[in-house]
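For chain A, the structure is supplied; the task is to place chain B on it using the hints.
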Amino acid sequence: MNKTRMWAVVVKDWRELSRTKQTLLPVVMLPVVFALLLPATLIAAANQPQALSSIGFTEAWLSAMPGHVVADPTRAMVEFVLAPVFLMIPMVIATVLATASFVGEKERDTLEGLLFTPLTDRELVISKILATWIPAVAVTWGSALIYTAVVSALAKPWQHGWVFPNGTWLVLVGLIAPLAAFFAIGCIVLISHRAATLQGAQAVAGLLVLPVILLIMSQVAGVVAFDAKLVFAVGLVLIFANLMVFWFAVYRFDRDRIVTRL
Amino acid sequence: MTTPLIRAEKLTRNFGDRPAVENLSFEAHRARVLGVLGPNGSGKSTTVRLVTGLLRPTSGSVELFGEPVTAKSAPRLRTRIGVQTESNLYHRLTVAENLQAWANLHGVPAPKISDRIDEVLAVVGLADRRKSLVGSLSKGLRQKAKIARALLHSPELLFLDEPTAGLDPEASEDLVNHLANLRSEFGTTIVLCTHQLHGLERICDDVVVLVNGQMVAAGQVKELLNEHWPKPEFTVKVNDLAVAEQIVADLQSAGVAATVTTERPSLHELYFRLLPHREGE
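Going down the list, the sequences are from chains A and B.
Mapping of the first sequence onto my numbering: residues 1 to 262, in sequence order.
Mapping of the second sequence onto my numbering: residues 1 to 281, in sequence order.
One or more hints might be untrue.
Subject to a maximum C-alpha distance of 27 Å in a straight line, what follows is the list of computed BS3-like cross-link-like pairs (lysine-lysine) [said to hold, decoys possible]:
#: 1; chain 1: A; residue 1: Lys106; chain 2: B; residue 2: Lys131
#: 2; chain 1: A; residue 1: Lys106; chain 2: B; residue 2: Lys72
#: 3; chain 1: A; residue 1: Lys21; chain 2: B; residue 2: Lys139
#: 4; chain 1: B; residue 1: Lys72; chain 2: B; residue 2: Lys10
#: 5; chain 1: A; residue 1: Lys106; chain 2: A; residue 2: Lys3
#: 6; chain 1: B; residue 1: Lys139; chain 2: A; residue 2: Lys106
#: 7; chain 1: B; residue 1: Lys131; chain 2: A; residue 2: Lys21
#: 8; chain 1: B; residue 1: Lys10; chain 2: B; residue 2: Lys222
#: 9; chain 1: B; residue 1: Lys237; chain 2: B; residue 2: Lys222
#: 10; chain 1: A; residue 1: Lys106; chain 2: A; residue 2: Lys156
#: 11; chain 1: A; residue 1: Lys3; chain 2: B; residue 2: Lys72
#: 12; chain 1: A; residue 1: Lys106; chain 2: A; residue 2: Lys21
#: 13; chain 1: B; residue 1: Lys112; chain 2: A; residue 2: Lys3
#: 14; chain 1: B; residue 1: Lys112; chain 2: B; residue 2: Lys131
No lab work stands behind these hints, which were simulated from the structure alone.
Note that the structure is predicted; figures quoted are calculated from it, not measured.
Next up, chain A with everything else stripped away, as it sits in the complex (with noise of 0.2 Å):
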């Protein structure tokens, strides 16, 4: 593969993604609302027991948590509650920047342009997914600190006896948010050989989001906690599914299928 016309087109797509309001707006406001507003006020909630008992349903979901937070909601919140958000906002951003890359592309009538140039199936594939994967990631890795600065100084984990992040987290951030993130990019290859514009591809991207919405509701309803053996297996989970959409997505894309739709 050749690493120069990769390059290019990585590249390419920055520029063009970094211009598109868009783009920009999830991408900036996400990090904001989800890892600076909303653990903010989470936290500063259950830094008040009298303020987090008037919400019903707190008794439901300690009750699913690992003994040793049951006693603290705080922890609760900052290690389990909120965790499934940082699956979710890779995903989202995946989704946002994979559909502005690869569908806008046909949408605003350039993808041709880009067939005609001596990139193969494989660099051209691979470095659309790069475009988007890499920024996905430093913005998820973006959040975990803003979020981390946020524990730090609202819950103040050291006076409690407890480290934050944990050796979970790093691993959730580190390796399991790049992997859905892939996921979701992964997917996106394969609805834009068939969606033609940019509402339809991310009307049925929007369900990729699903999965994590259901964990973030089942851990609200105690059924679930995000600990180190729900990582796992998610971790699990998205490495056989990557697998599967890499080859997929990789080895099945087709210069001939994707110029007979255009």
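Quick look at chain B alone, frame taken from chain A:
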């Protein structure tokens, strides 16, 4: 004759049950201009896609630079070709950013990219629009930028799809002159796909005429013209009607078929006369 740059042999491509092109055989040789002519939907774009390896033929074969076009060889062969189609440039990037991306994709050495961009922009008359966003350009200027993109890496083989569409007559003439220059000075082979000749016929050496995906004529332009009009007609131009009528009367009395027609300069010629005088003319 040397190995043709393009050799298509009984090329057929079906979309479902419908053949887009059928049984197409032609060749394009170095330093010649091949016109692929035909109305809308005649299969011109499909032909270019087949030749460049974007589409696989249902049957038949294509060779580029003497090598069969396959999924493996096509990317390498595409480094030697330039293509201008209806496909857009990136509107949110500047003209220079678009060309820079293309230069990198075609392997133009990094230190030479900036100078090469200046050269091709000067050729198409866009030197002052280097930093303009493509989205801010008019249709004609975007067309010029597309042509600049195709010329950027000095390809041996150039495919141009309706290159004069959207260009003003002056720019069309400049482009035709530049293409003639590319052919004669650099030995570039040019494939022109068009249904509106707009002066392009001046530089076509060979032609393939397509109708509904079928090839209805192919060969050298001169030979085809001789074949269809074996007896040429001649024109004598005089600027006095009485003299013209006298000449025609004399010719008719000698048994030669002759008529008098009044010819005035065209609107095209008037337009060029009214344009400000251009440098070098």
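Now for the hints, and whether the structure bears them out:
no. : hint                 : result
1   : A:Lys106 to B:Lys131 : 25 Å, holds
2   : A:Lys106 to B:Lys72  : 24 Å, holds
3   : A:Lys21 to B:Lys139  : 24 Å, holds
4   : B:Lys72 to B:Lys10   : 21 Å, holds
5   : A:Lys106 to A:Lys3   : 24 Å, holds
6   : B:Lys139 to A:Lys106 : 20 Å, holds
7   : B:Lys131 to A:Lys21  : 21 Å, holds
8   : B:Lys10 to B:Lys222  : 24 Å, holds
9   : B:Lys237 to B:Lys222 : 24 Å, holds
10  : A:Lys106 to A:Lys156 : 49 Å, violated
11  : A:Lys3 to B:Lys72    : 18 Å, holds
12  : A:Lys106 to A:Lys21  : 19 Å, holds
13  : B:Lys112 to A:Lys3   : 19 Å, holds
14  : B:Lys112 to B:Lys131 : 18 Å, holds
The earlier numbered hint that this structure contradicts is number 10, and it is the only one.
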